Amino acid sequence: MTRMTFQQALVAGIAEEMRCDPDVFVLGEDVGLFGGPLKSTEGLFAEFGAGRVIDMPISEGTIVGAAVGAAMQGKRPVVDLMFLEFLGLVMQQLIDAGAMHYYSAGAARVPLVVRAKYGVGPHHGHQYDLHSWATNIPGVKVVAPASAEDAKGLMKAAIRDDNPVLMVEHMALYHGVRGDVPDDPDWIVPLGKAAVVREGRDVTIVASAMMVKRAQQAAKVLADEGISAEVVDLRTIAPLDEDTVLASVHKTGRLVVACEAIGRGSSANDVIALAADRAYASLKAPIRRVAAPDVPVPFHRDLEKIYVPGAAEIEAAVRSTFQSAEAAP
Amino acid sequence: MSDGPLRNDTSLELHRLMVFSRTLDRIYGEHDGHWHGLEGEEAVAAGVYHGLRPTDILAPHYRGMPIASYAKGADLRRLFAGMLAKKTGYNRGRHRNDICGPPEFNLIGLYTGSLGPPVGYATGAALAAKIDGRDDIAVAVFGDGGSSRGDIHEAMNLAAVQKLGVVFVCQNNQFAISTPLETGVAGSVAARGQGFGMPGVEVDGNDVLAVKDAMQTAIARARAGEGPSLIEAKTYRVAGHFYSDAEDYRDQDVVQSWRSRDPIAAFAAFLTDQGIASAAELQAIEDTATEQIKAAFAAALADPNPDEDDLGFDTVYAAEASA
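As they're listed, the protein sequences go chains A and B. Oh and the first sequence: position 249 is 249 in the numbering used here, straight run, nothing missing. Oh and the second sequence: position 50 is 50 in the numbering used here, straight run, nothing missing.
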């Protein structure tokens with residue numbers, strides 16, 4: 001085990017895969033000597049050189065496009081897209097990449113990782129959480145780690161996966177979260193598996209990335225009030241680990257889904273639909289959603305605080321599931 | 001006709017590809033009114049798609065995808081089956097072979113209808129070859145319409161700064177569906193090559209040897225690791241945008257004037273004039289093309305439709321993560 005930050009864990013995961021697989025390479029804007037935005041590729045250029053850590057012109061669509069083409073040839077490119085706000089520039093390439101394996105009846109494979117930073121936090125800017133868009137693309141996986149351990153393990157799994165994977169990296173976790181991370185190069189955190197990060201009896205809180213931290217804070221407060229909350233960290237948002245979510249909802253009978261994205265069109269809604277479809281009989285209270293309001297992310301810190309759904313909002317949502325249906329807001 | 005150092009058998013192969021394309025066009029166009037025919041542009045297709053290695057990557061123009069696939073080694077019957085959405089097609093009825101060739105032959109097609117991104121994919125395939133130290137090249141073809149896409153400008157810039165082995169070809173047929181060249185493209189496409197630091201040449205797209213010559217120069221440069229090139233092959237879309245296009249947006253006299261410059265008839269005359277082939281040999285090429293294409297099409301028509309097995313809900317993701 002090595003204690004490291006979320007950012008160090010992401011880079012360590014890439015470096016390990018680059019050491020054991022010569023097909024893995026990194027491309028993006030300022031990923032070389034500069035070390036990537038927020039040090040997202042720090043140290044890789046020094047170890048692997050310009051041949052495998054390739055600085056790109058400002059051409060996001062074609063950076064991802066070139067990665068798709070290289071992946072079709074058997075390479076395993078890792079694109080640093082800088083910020084999730086740029087997802088709009090690469091959607092066409094992700095739509096194509098997601099379709100290639102299926103449309104070619106299995107002849108094409110696109111082992112591609114696209115990394116993107118986002119989120120309300122200390123970086124103050126580039127906050128948009130647009131990951132839900134990508135969950136609407138067949139064939140694309142969406143991964144959102146919440147801990148340093150998962151950052152490394154999920155990154156390694158994403159690089160080894162034969163599908164296009166969007167890895168969203170919350171900037172509030174980047175340098176602020178530390179954890180003990182396994183050193184075994186064979187260890188990974190498999191994609192498509194959620195984790196119960198806090199066990200509880202009374203209510204299930206489903207979250208991902210920074211919302212897991214907020215959900216854990218809320219669970220602590222709720223415990224003092226006698227409410228035992230179970231926190232499920234999705235880790236992979238698409239494809240969704242339906243079994244883990246359903247098992248938890250069947251057990252607790254209550255569900256609160258928390259996400260930092262705006263509620264309309266959010267991937268959180270799919271978790272809610274899943275429970276409504278397949279766990280309705282277990283539900284003791286209406287499902288509650290905690291999400292950002294349907295407005296562009298504001299800039300001033302005070303406005304940001306009002307905008308972003310925090311632990312207090314999650315607590316309130318949980319409490320409301322213990323009121324009668326009539327009394328629920 | 002230009003007279004490059006091409007051997008006679010290459011000339012006959014080029015002619016054969018053009019004849020195959022024209023024959024395929026007619027037989028399939030009669031069946032499917034939405035078919036994007038290639039009539040008038042065959043010299044570009046033959047000159048660009050002929051003679052590539054199996055390991056070279058080709059992102060063809062969607063107009064001419066089947067002949068590009070055939071030139072890369074794909075089976076005619078399975079291509080037709082793919083166009084007809086049959087079970088036996090390369091795509092198992094899941095997608096269209098008319099605009100998307102099978103990737104097992106290193107073809108990059110249109111996985112959605114968006115023009116431009118495939119040029120980026122071809123550029124990335126050339127990046128993979130560079131990283132691997134292979135001298136395989138990528139050929140990326142787009143129309144005068146597609147030349148306005150930012151993706152293609154990005155790809156040319158990226159290929160040039162990375163010195164990638166890409167041959168960019170603009171198949172300029174002077175129409176983007178109904179939009180004529182004058183209102184779609186400012187300036188010269190070939191001249192844009194210079195702006196991206198690569199050779200840019202304009203060739204007569206109705207002269208198959210001129211196209212082939214330009215390709216050989218660009219391919220040699222790409223294989224030598226000297227970087228990308230841009231070729232603008234000027235031709236004319238004698239065909240409608242699709243087979244049953246009413247074409248009320250253009251002057252039929254102009255269409256007729258280009259029909260009289262037919263690249264296949266011109267090359268046939270050249271071949272007989274130069275004593276490369278007799279009229280009887282050329283007729284035999286046509287007869288063989290008709291026979292083979294009719295047989296492949298009839299077989300594909302009789303092939304089974306896809307069923308639930310082909311829907312393959314569980315095959316959207318590639319299953320095995322390779323270690």
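Mixed in with the good hints there might be a few duds.
[Said to hold, decoys possible] If we take Cβ atoms under 8 Å as the criterion, some of the chain B residues that face chain A in the derived model are:
| hint | residue |
| --- | --- |
| 1 | R94 |
| 2 | I108 |
| 3 | P117 |
Hint data in this document are derived by calculation from the structure and do not stem from the laboratory. These numbers come from a predicted model, not from an experiment. Each residue gets a CB set at the ideal place from its N, CA and C atoms; glycine is no exception.
Quick rundown of the hints versus the structure:
Look at R94/B: its Cβ gets to within about 5 Å of chain A, closer than 8 Å, so that hint holds up. For I108/B, the interface hint holds, the least distance from its beta-carbon to any beta-carbon of chain A being 7 Å, beneath 8 Å. This hint holds: P117/B has a C-beta 5 Å from the nearest C-beta of chain A, less than the 8 Å allowed.
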